[in-house]
Amino acid sequence: MKKKKHLLVLDDEKNYLLVLEALLTDAGYKVTALNDPQTALTFLEESDVDVVITDMKMPKITGAEVLEHVRKNYPGLPVLIMTAFGTIQSAVEVMRTGAFDYIAKPFSNDELLLSVQNAVELSQARQNYQLLTENFQTQYGRNNIIGKSSAIRSVLSLIDRAAPSKSTVLITGESGTGKELVARAIHFSSPRKGAPFVSVNCMALNPSLLESELFGHEKGSFTGAVAMKRGRFELADSGTLFLDEIGELSHDMQVKLLRVLQERRIERVGGTEEIEVDIRIVAATNKDLLEEVKKGNFREDLYYRLNVVHMQIPPLRERREDIPLLVTHFVEKISKQQDVTERNFTVEALDYLSGYEWPGNIRQLENVIERCLVLGTGSDITVDDLPPEVRDEESQLKSAVDLLPVQLDLSDTLEKIEAALIRRALARSNFVQVKAAESLGISKSLLQYKLKKYNITGH
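Oh and the sequence shown: position 371 is 371 in UniProt numbering, straight run, nothing missing.
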């Protein structure tokens, strides 16, 4: 059965209070009717209420004081003011201070019921919005950045420091490292979390479509523009605009973006009116933008406008100790999404996952885990369930070699391979140095020397 909406009605005239209670109860509401304001304020602390209806003039505490208390302690709760001494001036005043509605006595039953219905609908909308915001925060907040490595702890620390500000953020890292997840975590940890997070992939659209997508257009501004359209800048107003693959912007679009960052104003395509926008820009790229600046592919002034706060997201191969935690996270997530049985990975299978180089980073790891859960037939996920490129020793070594630069002398190449093998041995031994040294056939002291030599974190 649908839960009744709860109304708190407050009036010092007992007879009038009884009439209101009967009317609202007959209309299908749960009603708590009180004639003492202090009792009402105590009741609010202990009960869930959807709407407060209060008389304006009462002894001890006035309706205006009740309104002020509710606004301060329960900011989403609508308050409806009633009075027998109503004037236009007093109505304007209580509305200005935050009342949902103002009704002068005597009023008709229909007038009161309509006002209450509107207040209840507003209360429900606010509750739904709060739940939606909380769900987004749960789904996209910083708690979804999984890991305990020093690299990921540094990223989380930077998110915590950068989120409260309005500064532009530039996120860099290889494809699949979770740059958009970091961008969402910044937004949902910021004061803008209640406003939109709008994402645009700058590589997915050609320059002409991208301009319309970002800035919007006026009706008739080009063939097919049959109506006015607001762009992503306007849609993200008061919130965050995430520009993914920012390094792919054309020079013309770089100039337009620079102007927005400088002036916080836009013009729709085909329009002449300047529109103010209050947005925070978070950009991401897998390119070395400073190198692109040197090559003349990216504007230097735009680079420095974007690079106020810089976050470098580490590749998965540099945070191998996080792989078991990521596996547990993805197993739980994918099992719910795909409605498949949640299964554990054997220790040996986890060793192989930890030893692989993951050129596709976290995105590739998630895809591999989904494949194993969907196609695996045993009670646990074993090495045999892993795709060939992960379980094959030669493929694991080849993946390390493939990551090497083309121009290397032999000694450099051997050192790179040695470093990759040491990292894999550490991962497979759960970062216990004694075990890693044994698996490599060297002493612990020699392993520690090589960890220092190759700047490898050994824990």
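Rather than coming from a laboratory, the hints here were simulated on the basis of the structure.
For clarity, every value in this text was computed on a predicted model and none was experimentally measured.
Don't take each hint at face value.
Stated by the list, open to error - No farther apart than 27 Å at their CA atoms in a straight line, the calculated lysine-lysine pairs in the DSS-like style are these: (1) Lys105 with Lys148; (2) Lys219 with Lys193; (3) Lys444 with Lys416; (4) Lys60 with Lys72; (5) Lys229 with Lys256; (6) Lys336 with Lys295; (7) Lys416 with Lys435; (8) Lys60 with Lys166; (9) Lys295 with Lys333; (10) Lys57 with Lys3; (11) Lys336 with Lys294; (12) Lys193 with Lys72; (13) Lys450 with Lys416; (14) Lys333 with Lys294; (15) Lys60 with Lys3; (16) Lys14 with Lys60; (17) Lys14 with Lys30.
To see whether the hints hold, each was checked on the structure:
Straight-line distance between C-alpha atoms of Lys105 and Lys148 comes to about 63 Å, which puts the hinted pair past the 27 Å bound. For the hint linking Lys219 to Lys193, the alpha-carbon distance of about 32 Å lies beyond 27 Å, and the restraint is violated. With a CA separation close to 20 Å, the supplied pair Lys444 and Lys416 stays within the 27 Å bound. Our distance criterion of 27 Å between C-alpha atoms is met by Lys60 and Lys72, whose separation comes to about 19 Å.
Of the pairs offered as hints, the one joining Lys229 and Lys256 holds, with about 18 Å between alpha carbons and a cut-off of 27 Å not exceeded. A hinted pair counts as satisfied when its Cα atoms are at most 27 Å apart, and Lys336 with Lys295 does not qualify at roughly 47 Å. A C-alpha spacing of about 21 Å is found between Lys416 and Lys435, which places the hinted pair at or below 27 Å, so the restraint holds. For the suggested pair Lys60 and Lys166, the alpha carbons sit about 45 Å apart, so the restraint of at most 27 Å is broken.
With a C-alpha separation of about 42 Å, the suggested pairing of Lys295 with Lys333 is violated against the 27 Å cut-off. Of the pairs offered as hints, the one joining Lys57 and Lys3 is violated, with about 32 Å between alpha carbons and a cut-off of 27 Å exceeded. Distance restraint check for Lys336 and Lys294: the Cα-Cα separation of roughly 47 Å exceeds the 27 Å cut-off, and the hinted pair is therefore not satisfied. Using a Cα cut-off of 27 Å, the hinted pair Lys193 and Lys72 holds, with the two alpha carbons roughly 21 Å apart.
A hinted pair counts as satisfied when its Cα atoms are at most 27 Å apart, and Lys450 with Lys416 qualifies at roughly 12 Å. A threshold of 27 Å between alpha carbons decides the hint, and for Lys333 with Lys294 the separation of about 42 Å lies outside it, so the pair is violated. Restraint check for Lys60 and Lys3: the C-alpha separation of about 34 Å exceeds 27 Å, so the hint is violated. Distance check on the hinted pair: Lys14 and Lys60 sit about 16 Å apart at the alpha-carbon level, within 27 Å; holds.
Taken as a hint, the Lys14 and Lys30 pair is honoured in the structure, with Cα atoms around 18 Å apart against an allowance of 27 Å.
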